[in-house]
Amino acid sequence: MAHIKCRKLTKEYYRGDNVIRPLDKLDLDVEEGKFISLMGPSGSGKTTLLNLIAGIDRPTSGTLNIGGRDIAGLSRSKLANWRSEYIGYIFQLYNLVPVLTAYENIELPLLLQPISRKERHKRVAVALELVDLTDRHDHYPRQLSGGQEQRVAIARAIVADPKILVADEPTGDLDKQAALAIMELLQQLNRELKKTLIMVTHDPKTALYADLTLHLEKGQLMEAELFEEHPATSEETQTKS
Amino acid sequence: MIAPKYIPLVIKQITRHRTRTLLTVAGVATAMFLFVAVQAMQQGVAKVTEETAAETTLVVYRKDRYCPFTSQLPDFYGRKIGDIEGVKEVIPMKIVVNVCRASLDVVTLRGVVAEQFIDQQRADLEVIEGSMDKWKKTYNGAMVGETLARRRGFKVGDTFKTSSVQNEVSGIFRSDEPQNQNVAYVHLKALQQATDKKFGIVTQFQVKVDDPARMDEVAAAIDDEFAIEQEPTATRSEKAFVAHAAGDLIELIKFTRYLGWGCLFAVLALVGNAIILSVQDRVKEHAIFQTLGFTGNLIGRLIIAEGILVGLLGGGVGTLGAVGILYWKQLSLSVDGLSIPISAGATLLITGLGISLSMGVVAGLVPAWQASRHEIASCFRAV
Numbered sequence: 001m002a003h004i005k006c007r008k009l010t011k012e013y014y015r016g017d018n019v020i021r022p023l024d025k026l027d028l029d030v031e032e033g034k035f036i037s038l039m040g041p042s043g044s045g046k047t048t049l050l051n052l053i054a055g056i057d058r059p060t061s062g063t064l065n066i067g068g069r070d071i072a073g074l075s076r077s078k079l080a081n082w083r084s085e086y087i088g089y090i091f092q093l094y095n096l097v098p099v100l101t102a103y104e105n106i107e108l109p110l111l112l113q114p115i116s117r118k119e120r121h122k123r124v125a126v127a128l129e130l131v132d133l134t135d136r137h138d139h140y141p142r143q144l145s146g147g148q149e150q151r152v153a154i155a156r157a158i159v160a161d162p163k164i165l166v167a168d169e170p171t172g173d174l175d176k177q178a179a180l181a182i183m184e185l186l187q188q189l190n191r192e193l194k195k196t197l198i199m200v201t202h203d204p205k206t207a208l209y210a211d212l213t214l215h216l217e218k219g220q221l222m223e224a225e226l227f228e229e230h231p232a233t234s235e236e237t238q239t240k241s
Numbered sequence: 001m002i003a004p005k006y007i008p009l010v011i012k013q014i015t016r017h018r019t020r021t022l023l024t025v026a027g028v029a030t031a032m033f034l035f036v037a038v039q040a041m042q043q044g045v046a047k048v049t050e051e052t053a054a055e056t057t058l059v060v061y062r063k064d065r066y067c068p069f070t071s072q073l074p075d076f077y078g079r080k081i082g083d084i085e086g087v088k089e090v091i092p093m094k095i096v097v098n099v100c101r102a103s104l105d106v107v108t109l110r111g112v113v114a115e116q117f118i119d120q121q122r123a124d125l126e127v128i129e130g131s132m133d134k135w136k137k138t139y140n141g142a143m144v145g146e147t148l149a150r151r152r153g154f155k156v157g158d159t160f161k162t163s164s165v166q167n168e169v170s171g172i173f174r175s176d177e178p179q180n181q182n183v184a185y186v187h188l189k190a191l192q193q194a195t196d197k198k199f200g201i202v203t204q205f206q207v208k209v210d211d212p213a214r215m216d217e218v219a220a221a222i223d224d225e226f227a228i229e230q231e232p233t234a235t236r237s238e239k240a241f242v243a244h245a246a247g248d249l250i251e252l253i254k255f256t257r258y259l260g261w262g263c264l265f266a267v268l269a270l271v272g273n274a275i276i277l278s279v280q281d282r283v284k285e286h287a288i289f290q291t292l293g294f295t296g297n298l299i300g301r302l303i304i305a306e307g308i309l310v311g312l313l314g315g316g317v318g319t320l321g322a323v324g325i326l327y328w329k330q331l332s333l334s335v336d337g338l339s340i341p342i343s344a345g346a347t348l349l350i351t352g353l354g355i356s357l358s359m360g361v362v363a364g365l366v367p368a369w370q371a372s373r374h375e376i377a378s379c380f381r382a383v
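So the protein sequences, as listed, match chains A and B. Numbering-wise (our numbering), the first sequence opens with residue 1 and increments by one. Numbering-wise (our numbering), the second sequence opens with residue 1 and increments by one.
One or more of the hints may lead you astray.
[What the hints assert, rightly or not] Think about it this way: if two alpha-carbon atoms lie no more than 16 angstroms apart in a straight line, the pair counts; the simulated EDC-like pairs of lysine to aspartate or glutamate are: (1) B:K47 - B:E375; (2) A:K78 - B:D75; (3) B:K5 - A:D161; (4) A:K163 - A:E12; (5) A:K34 - A:E192; (6) A:K25 - A:D161; (7) B:K12 - A:D138; (8) B:K137 - B:D176; (9) B:K12 - A:E31; (10) B:K134 - B:D176; (11) B:K239 - B:D176; (12) B:K189 - B:E375; (13) B:K5 - A:E119; (14) A:K194 - A:E217; (15) B:K134 - B:E115.
[Said to hold, decoys possible] If you want the footprint, here are the derived chain A segments under chain B, 3+ residues with CB under 8 angstroms: (16) 18 to 31; (17) 73 to 80; (18) 183 to 192; (19) 208 to 217.
Derived from the structure by calculation, the hints contain no laboratory data. Being a predicted model, the structure only gives us computed values, none of them experimental. Cβ atoms here follow ideal geometry from the backbone N, Cα and C, with glycine treated the same way.
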């Protein structure tokens, strides 16, 4: 059974008198532990689909079943609780809270869990180690490079051990070197921690890290590209990037 | 309201805009300082003018006279008053003040017959320094009320001169009666000698009635007794007398309640403005919190907690400042020898802090509700 199952998923909103439909009766199945990249031109509905899967937006019609649960029918507070349990969101512009240190930013999702301070500390330490930023735990976002900020954001996204990671152009604001490191980290999370990973990207080279690339246009799926051997990790691709 | 684990988060949000927070806290502190000072005055007025069912003290004054220098009654009136049915005690009293105008530092001398005064008042006064016996034996001795002693820094053995009368502090006493707290009792003869030398003339009589229910009856009987004398009297309960004699000042003080309400409104506006600005600055940040799983309700409560913290910080500084200064200065607003204490204690401190907390909650409600209703995706689109 698919972990994420969208049926006739439609999203509409109004801009003045005009109806904008970024998603139009989209059907999609994603199996657990898969790494999917979403590509397509601006306005094709990539981020809208990502936001719907992440539970931060609601479909106008259609069903969205994740882990056997129709999240479109959840109340605001239940949806928030569901997000804290199921979703880790990685933004293009990191979106760290500027007044909090790296440690405190990573700790944020854990505040919602019924665990002790000691347990929170333990989990943050593990997340910091995973993103190789243990020595920067007390740094504020302004004291970190773009790549480091994104690694803090990734640590924040995984610290509560969510089932699904969603990433909206995670390397879009990074230089080549930092982008490569981030993609390797995401791939490691997908492979080693078996996280389902949905990533929006404009960059075909970044998309190569995924198991499958889906192309969207005008709110509908156009074609799928399957990469069974993960060409992005091959020596040739690494040299190119 | 919020779990303790969120408090560091709230504090960080407040200290984020240090200048804005400091200005808000300073504004709230100033407004609460004023509010507490106004409340202290209002309480002082209530204390000296609101009568209780247990009142037993009447003041006999010269009819149609309103200041101690013009109220002159023969001291033989005292014997006649003592014969009226229902009268328990009579104390003739000459009053001299150093300032006739309204002032925060009036020294009021009450000249009394020491033996009679001690017999009748010993139970109502608690001597906290010196002794009544020493005062009885010292011609220019003075028993000083605690408030006056603290304000002027008097200690037993100190001498002070007021209205050309030289006095020596024989003792300091405490009394539940606000008027007593702010006066110095001296010997009647010594006071008459040192001032106008009008022996046999006093300013007023302080009369104790044996039954509180007979206050009006006894007051009427006293005034009837002297109605056709050259110096007719006007007799009122002590608190009604204060309310009448210091009426203009009391009206002014009562008017300041509007100033107090204005202060509260200022606190509400200041905290509300600070929280609204802060919330508007953090639309995206709240969207991030919601993305992480924070519910709108929790975000709303975090914002209200910010309001409470700002309100309590400013309110605490202002309230503590006002209570501290009023306690230290022991101010009394006096006119014509009558005092309205401006004092603040634990009750006003708790009231001030309670109001600061409530204002913080109220000021945070609207921004909290707005922030809790934001749609995450539209917040990200808007930024």
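### Query
Do the alpha carbons of K78 (chain A) and D75 (chain B) lie within 16 angstroms of each other, as the hint requires?
Roughly 85 angstroms separates the two Cα atoms, so the pair is violated.
### Message
Verify this for me: three or more residues of the stretch 18 to 31 of chain A with a beta carbon less than 8 angstroms from a beta carbon of chain B.
### Response
With 0 residues close enough to chain B, the hint is violated.
### Query
Taking 16 angstroms as the top limit, are the C-alpha atoms of K34 (chain A) and E192 (chain A) close enough?
Holds, at roughly 12 angstroms.
### Query
Do the alpha carbons of K25 (chain A) and D161 (chain A) lie within 16 angstroms of each other, as the hint requires?
Violated, because 31 angstroms separates the two Cα atoms, which is more than 16 angstroms.
#### Entry: Coverage criterion applied to the stretch 183 to 192 of chain A (partner chain B; beta-carbon cut 8 angstroms; 3 residues)
Our answer is that it is violated, as 0 residues pass the Cβ test (under 8 angstroms) against chain B, missing three.
### Query
Between K194 (chain A) and E217 (chain A), is the straight-line Cα distance small enough, at 16 angstroms or below?
violated, 29 angstroms
### Query
Between K12 (chain B) and E31 (chain A), does the CA-CA distance stay at or below 16 angstroms?
Judged against 16 angstroms, a Cα distance of about 41 angstroms means the pair is violated.
### Message
For a C-alpha distance cap of 16 angstroms, please report whether K163 (chain A) and E12 (chain A) respect it.
### Response
With Cα atoms ~28 angstroms apart, K163 (chain A) and E12 (chain A) exceed 16 angstroms; violated.
### Query
Does the structure keep K12 (chain B) and D138 (chain A) at a Cα separation of 16 angstroms or less?
Status holds; Cα separation ~14 angstroms.
### Message
Checking one constraint from the list: CA of K5 (chain B) to CA of D161 (chain A), max 16 angstroms. Satisfied?
### Response
violated, 20 angstroms
### Query
With a Cβ-Cβ cutoff of 8 angstroms, does the stretch 208 to 217 of chain A contain at least three residues near chain B?
Coverage by chain B is violated here, the residue count being 0 at a Cβ distance below 8 angstroms.
### Message
Given the hinted pair K189 (chain B) and E375 (chain B), is their Cα-Cα distance within 16 angstroms?
### Response
violated, 84 angstroms
Violated hints, in rising order: 1, 2, 3, 4, 6, 8, 9, 10, 12, 14, 16, 18, 19; the structure is consistent with all others.
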